[in-house]
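One-letter residues, chain by chain:
2 protein chains.
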Amino acid sequence: MKLSELGEDAVISRLTRSLCVDGRVKVRAGDDCAIVETDGQPQLLKTDCIIEGIHFLSDADPRWIGWKAMCRPISDIAAMGGMPLDALITLAIRPDAEFAWLKRVYGGVQAAARAYGLNLVGGETTKSPGPIFISVAMTGRAADSTFVLRSGGKAGDYLYVTGKLGGSIRRKHLRFRPRVAEAQWLVNRFSIHAMIDLSDGLASDLPRLARASKLGFEIDLSMLPLNRGVTVQNGLQDGEDYELLFAVAPSESIRLEKEWRAEFGKLPLTALGRLVEKGRTRFDGKGYDHFARG
Amino acid sequence: MKLSELGEDAVISRLTRSLCVDGRVKVRAGDDCAIVETDGQPQLLKTDCIIEGIHFLSDADPRWIGWKAMCRPISDIAAMGGMPLDALITLAIRPDAEFAWLKRVYGGVQAAARAYGLNLVGGETTKSPGPIFISVAMTGRAADSTFVLRSGGKAGDYLYVTGKLGGSIRRKHLRFRPRVAEAQWLVNRFSIHAMIDLSDGLASDLPRLARASKLGFEIDLSMLPLNRGVTVQNGLQDGEDYELLFAVAPSESIRLEKEWRAEFGKLPLTALGRLVEKGRTRFDGKGYDHFARG
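Protein chains in written order, with my numbering: chain W, 1 to 294; chain F, 1 to 294.
FYI, nobody ran anything at the bench for these hints, they're computed from the structure. Treat the numbers as computed from the prediction; the structure is a model and nothing was measured. Misleading hints may appear alongside valid ones.
A pair counts as met if it fits within one copy or between any two copies, since identical chains are not told apart.
Said to hold, decoys possible - The calculated lysine to aspartate or glutamate pairs, modelled on EDC-like cross-linking and capped at a C-alpha distance of 16 Å, are:
1. Lys2 / Asp96
2. Lys154 / Glu218
3. Lys103 / Asp9
4. Lys2 / Glu98
5. Lys26 / Glu37
6. Lys278 / Asp59
7. Lys26 / Asp39
Pulled out of the complex, with its shape left as it was, chain W reads as follows (with noise of 0.2 Å):
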């Protein structure tokens, strides 16, 4: 069967079904990044690639592709409620490329790590005869130790995303902040029983942390907050959004969103439904799949 037909998630979880690894292994392939016990302490791995053509075109500007191949697992690593240590970059790429380009590239790459406090301790670089690649893996720890799953909703619970959601690919997919502030701050002050970066859309990443807590949901679609001319259907599959989707008992609703408001002021934060019990989901719509979509 090939790949296409399968789609990202089936080919995924088959793979990673039954892999090797010992008692130390907290929480594996399946959420936004692993978790590793390492002299008593968890830490975060977590690594993601991005791809001339794919996840980037060949005219961007190369200080935005660093950036973006930065601040993807920085992404991850702010929806389990971490911050970001050290990163490594491995870089393919055609020996006729320019040096001032790759530059550039590094350039964003550092600007990433500066910004979001974090080394850059290793960079491998080699030929490519495709595309563009670039790959960086990322460790990443919490505060006091404690990181939120995808996996721990519990029904009743209220469903929120950061920020606005839809055509982020023809605007800030190259340029979006990771939420790691806002999530440092929401795990902080708030029990958040599950957490989830919007990379692929909600209408998949949703359906995610759902699975994962082995629950359905309701979604109100009126309530989607909507990036400036974009559809409903824009907000759901378009991608590339890089908010934060979050779990959080209702009895915490009103308290949080007053105190939302006074932290962060202009970024939404919009409640968009809840977990319910599992075979009651409503909600349609199906999100981006990376092989399903040849």
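Guided by the hints, dock chain F onto chain W, whose structure is given.
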């Protein structure tokens, strides 16, 4: 200027000259792995990649492709005297690829994880319009928290190489076994001043070790331990040997050679020459350069 005109080492050294790092980073880009202190314990971080058409051919056995993807960074960790701990894999592949093929790649990845006692904690898979790209990120540790760098060589040190060199690209380049046990044995029993794994060939990797140690070297090419049917030139330049090259005080050489034979029997250990003051290098030949050979 094009990357191919600069060459791999110059590209990487220029790009990583001013990386963004804090005091936790003990060794950054430029050695086999980076070393970062986390909770007072030094940790090795490494990322590496293999690309279809460069590091493996399209018709190669997928199990051995997966094995090689894992074993390259394992070899780098071994060369620092470390033990691999956890790995993450990122795979970019055409959507029309067969799932069965990908599953066999993962079979090889898992076989390497089992053979070297490390956790495979995550796997990203994304579509690529070009060649298959497999990136592996890995963490590592040392039993006593000390690592062997490329830069610790002293003038007068003897240079040793394990195994045989040359022709690996036609034989074992997919199936090599990283020298983790041998490196552990060496660092636990002897004062290994500097070490590197031979991935690009002795003619590239020996100058890297010497340069990092701010020394030159004298090598007797007639001593090169060659695989059957290969020339000295092959032994110097073919690359993909993944043997260990290390520097040790002359006073340890007799005991080293004797105990090595007792421990590893058939696996050769060869004294090739020694490290000398800068500017006294005697050696010629050029190794493999990722960019120079477009």
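Lys26 and Glu37: within-copy, between-copy, both or neither at 16 Å Cα: within (7 Å within a copy, 21 Å between copies)
My question is about Lys2 and Asp96: at a cut-off of 16 Å on alpha-carbon distance, are they close within one copy, between copies, both, or neither? between (33 Å within a copy, 5 Å between copies)
Given a CA cutoff of 16 Å, do Lys2 and Glu98 count as a within-copy pair, a between-copy pair, both, or neither? Answer is between: at 4 Å across copies they meet the 16 Å cutoff, but 36 Å inside does not.
Between the shortest in-copy and the shortest cross-copy C-alpha distance, which are at most 16 Å for Lys26 and Asp39: within, between, both, or neither? within (13 Å within a copy, 18 Å between copies)
Could you place Lys154 and Glu218 in one of the four classes (within, between, both, neither) given a Cα distance threshold of 16 Å? Within one copy only: 13 Å inside a chain, 68 Å across chains, cut-off 16 Å.
Lys278 and Asp59: within-copy, between-copy, both or neither at 16 Å Cα: neither (45 Å within a copy, 45 Å between copies)
With 16 Å as the alpha-carbon cut-off, assign the pair Lys103 and Asp9 to within, between, both or neither. The answer is between: 14 Å across copies meets 16 Å, while 35 Å in one copy does not.
Violated hint: 6 only; the structure is consistent with all others.
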